[in-house]
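*Asks:* The residues making up each chain are set out below.
Protein chains: 2
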Amino acid sequence: MASLVAVGTVAFDSIETPFAKMDHVIGGAATYITLCASHFVKESGLVSVVGDDFPQSMLDEMTKRGIDQGGLQIKQGEKSFYWSGKYHYDMNSRDTLVTDLNVLATFDPVIPEAYKNCDFLMLGNLAPAVQMRVIEQLNERPKLVVMDTMNFWMDIAWDDLMQVIAKVDVLTINDEEARQMAKEHSLVKAAKKILELGPKYLIIKKGEHGALLFDKTNVFFAPALPLEEVVDPTGAGDTFAGGFIGYLAQTENISFENMKRAIIVGSAMASFTCEKFGPDRLLEITKEEIHERIEQFVQLTEFEIELV
Amino acid sequence: MASLVAVGTVAFDSIETPFAKMDHVIGGAATYITLCASHFVKESGLVSVVGDDFPQSMLDEMTKRGIDQGGLQIKQGEKSFYWSGKYHYDMNSRDTLVTDLNVLATFDPVIPEAYKNCDFLMLGNLAPAVQMRVIEQLNERPKLVVMDTMNFWMDIAWDDLMQVIAKVDVLTINDEEARQMAKEHSLVKAAKKILELGPKYLIIKKGEHGALLFDKTNVFFAPALPLEEVVDPTGAGDTFAGGFIGYLAQTENISFENMKRAIIVGSAMASFTCEKFGPDRLLEITKEEIHERIEQFVQLTEFEIELV
Numbered sequence: 001m002a003s004l005v006a007v008g009t010v011a012f013d014s015i016e017t018p019f020a021k022m023d024h025v026i027g028g029a030a031t032y033i034t035l036c037a038s039h040f041v042k043e044s045g046l047v048s049v050v051g052d053d054f055p056q057s058m059l060d061e062m063t064k065r066g067i068d069q070g071g072l073q074i075k076q077g078e079k080s081f082y083w084s085g086k087y088h089y090d091m092n093s094r095d096t097l098v099t100d101l102n103v104l105a106t107f108d109p110v111i112p113e114a115y116k117n118c119d120f121l122m123l124g125n126l127a128p129a130v131q132m133r134v135i136e137q138l139n140e141r142p143k144l145v146v147m148d149t150m151n152f153w154m155d156i157a158w159d160d161l162m163q164v165i166a167k168v169d170v171l172t173i174n175d176e177e178a179r180q181m182a183k184e185h186s187l188v189k190a191a192k193k194i195l196e197l198g199p200k201y202l203i204i205k206k207g208e209h210g211a212l213l214f215d216k217t218n219v220f221f222a223p224a225l226p227l228e229e230v231v232d233p234t235g236a237g238d239t240f241a242g243g244f245i246g247y248l249a250q251t252e253n254i255s256f257e258n259m260k261r262a263i264i265v266g267s268a269m270a271s272f273t274c275e276k277f278g279p280d281r282l283l284e285i286t287k288e289e290i291h292e293r294i295e296q297f298v299q300l301t302e303f304e305i306e307l308v
Numbered sequence: 001m002a003s004l005v006a007v008g009t010v011a012f013d014s015i016e017t018p019f020a021k022m023d024h025v026i027g028g029a030a031t032y033i034t035l036c037a038s039h040f041v042k043e044s045g046l047v048s049v050v051g052d053d054f055p056q057s058m059l060d061e062m063t064k065r066g067i068d069q070g071g072l073q074i075k076q077g078e079k080s081f082y083w084s085g086k087y088h089y090d091m092n093s094r095d096t097l098v099t100d101l102n103v104l105a106t107f108d109p110v111i112p113e114a115y116k117n118c119d120f121l122m123l124g125n126l127a128p129a130v131q132m133r134v135i136e137q138l139n140e141r142p143k144l145v146v147m148d149t150m151n152f153w154m155d156i157a158w159d160d161l162m163q164v165i166a167k168v169d170v171l172t173i174n175d176e177e178a179r180q181m182a183k184e185h186s187l188v189k190a191a192k193k194i195l196e197l198g199p200k201y202l203i204i205k206k207g208e209h210g211a212l213l214f215d216k217t218n219v220f221f222a223p224a225l226p227l228e229e230v231v232d233p234t235g236a237g238d239t240f241a242g243g244f245i246g247y248l249a250q251t252e253n254i255s256f257e258n259m260k261r262a263i264i265v266g267s268a269m270a271s272f273t274c275e276k277f278g279p280d281r282l283l284e285i286t287k288e289e290i291h292e293r294i295e296q297f298v299q300l301t302e303f304e305i306e307l308v
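As given, the protein sequences belong to chains A and B, one line each in that order. The first sequence begins at 1 in my numbering and counts up one residue at a time. The second sequence begins at 1 in my numbering and counts up one residue at a time.
Bear in mind the hints are in silico, worked out from the structure with no lab data behind them. Just so it is clear, the structure is predicted and the values come from calculations on it, not from any experiment. Careful, some of the hints might be misleading.
Treat identical chains as interchangeable: a pair holds within one or across any two.
Derived pair list, reagent style DMTMM-like, types lysine to aspartate or glutamate, alpha-carbon separation capped at 20 Å [unchecked claim]:
#1 K276 <-> E292
#2 K206 <-> E275
#3 K192 <-> E228
#4 K287 <-> E208
Whenever a hint applies, use it, and build me the whole structure from the sequences.
*Replies:* Right, dumping it as structure tokens:
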């Protein structure tokens, strides 16, 4: 049984930054999530869909990393999901240029038997109705369901979104999306409202400005690592999610204290993804590099103060 | 002898936020700096200039708090510096509506004898030539000189600015100013360049996104406290500076480790200033409230991680 199951896109991205341009690099939320999580768990299950254009070499690489593809549909004669975007000079915001749904337009997730008792479920950004179809097929509620979403679904599928949100434990969205969802500018007030919609925990991602974890009584902040050079932030949020749930699954501990650690791990992993186009860094990094990177977060944030 | 001397404006501000409007509240960099620092040091010296319109009651309040006014010029028949600004909806950026220099137009700082051997000097945001006039009048170099500045001086007084920067230990600027000064988008690269201009330490203030402390080999990050409501951020940066240098003066320790603590203290104090218009909160808060606020920063950022 795959104890961690991730649902989301497996896709191609064309990315333009102020400094470079890359066509058709491998992307997709579930790609980043599973590749990142594979540094923490030996096995995971992937639920997604691709066309026959997706490279077998990447699928083989995933298999080597314990990412089971029993939930991956390969549609012959069809094309994989394709997204193209252009980053602004600040590298923290971007415009979407092209979204070709392709295989995603008719995606109906089929959960293999072996995934139906998973302990950890990561719902990557997808239509809320599709996320719901995944939850419905499980035999029992996982120990932890983490869900990512975006403003697009708030605009066109609000009711579906509210239904899924009510069923998850952790919601991850960015700061603008949190403000939009709660209709509140203050993130503290927005977090309170969102936590009333169902999730026990809310992670607000602020890109280069770090991430906040809220539950009803606590708040924790993790900075993003100040990087000398951000080559391409695409997939950083999904990598963050993969590191977060991967660490929780590895340590089998879903306390607030352990979620704090998981957020640091997610932030550390996301910083690697920013260093190259596509998921390449996630394929290269070693355990030692991950440990060093996490140690940098300790150094970055640690202080001791005695009050007199 | 005043061991901490602060130079900067003492002024009136008219402030418009998306939620409220206040006319002619007491403001000025040195006002916030000294009032904030008075929570940490028993005595300080104020170098500034006001017209005869500045309320004696606030000067009396300062005296009660050990803020000596031997360096404060009061110009009869003239008006105090006046600034008016309007905050955007995000409360993190603003437009200046009015700047009436008034007494500031001819300000020539005169340093009293009793200040000339100060240990800690805070150069609040002012024309670099005026900041330099202060440094020149000292008998000996202070243990620590902290300098604040802004983009305006980069635009119109670059050479003067470079001369002062070469003489200070700590420079505090915001993220956009750091980018402008270094002509580098990456804050890490910008910090490296700026540290080559003279300062041993650089603090990059990111408003609601916290602050970064750099020296040539280390970096430390302190978040801003996520506030339920930001009423008015005016003076938050100066309060931060006052808390930073006030804590360093109180503890008489200018190591990087202690600067980390000082940045947390500055961030905690700045969070109070955001809660009301003008410096009112700085006049109300107790030692207990300050300690509680600092403890909130510990809670917000503390994690322990063991890597396996």
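*Asks:* Each hint needs a verdict: does it hold in this structure or not?
*Replies:* For each hint, the structure was consulted:
no., hint, result
1, K276 <-> E292, "within (18 Å within a copy, 42 Å between copies)"
2, K206 <-> E275, "within (18 Å within a copy, 23 Å between copies)"
3, K192 <-> E228, "between (35 Å within a copy, 10 Å between copies)"
4, K287 <-> E208, "neither (24 Å within a copy, 34 Å between copies)"
Hint check: a violation occurs at hint 4 only; the rest are consistent with the structure.
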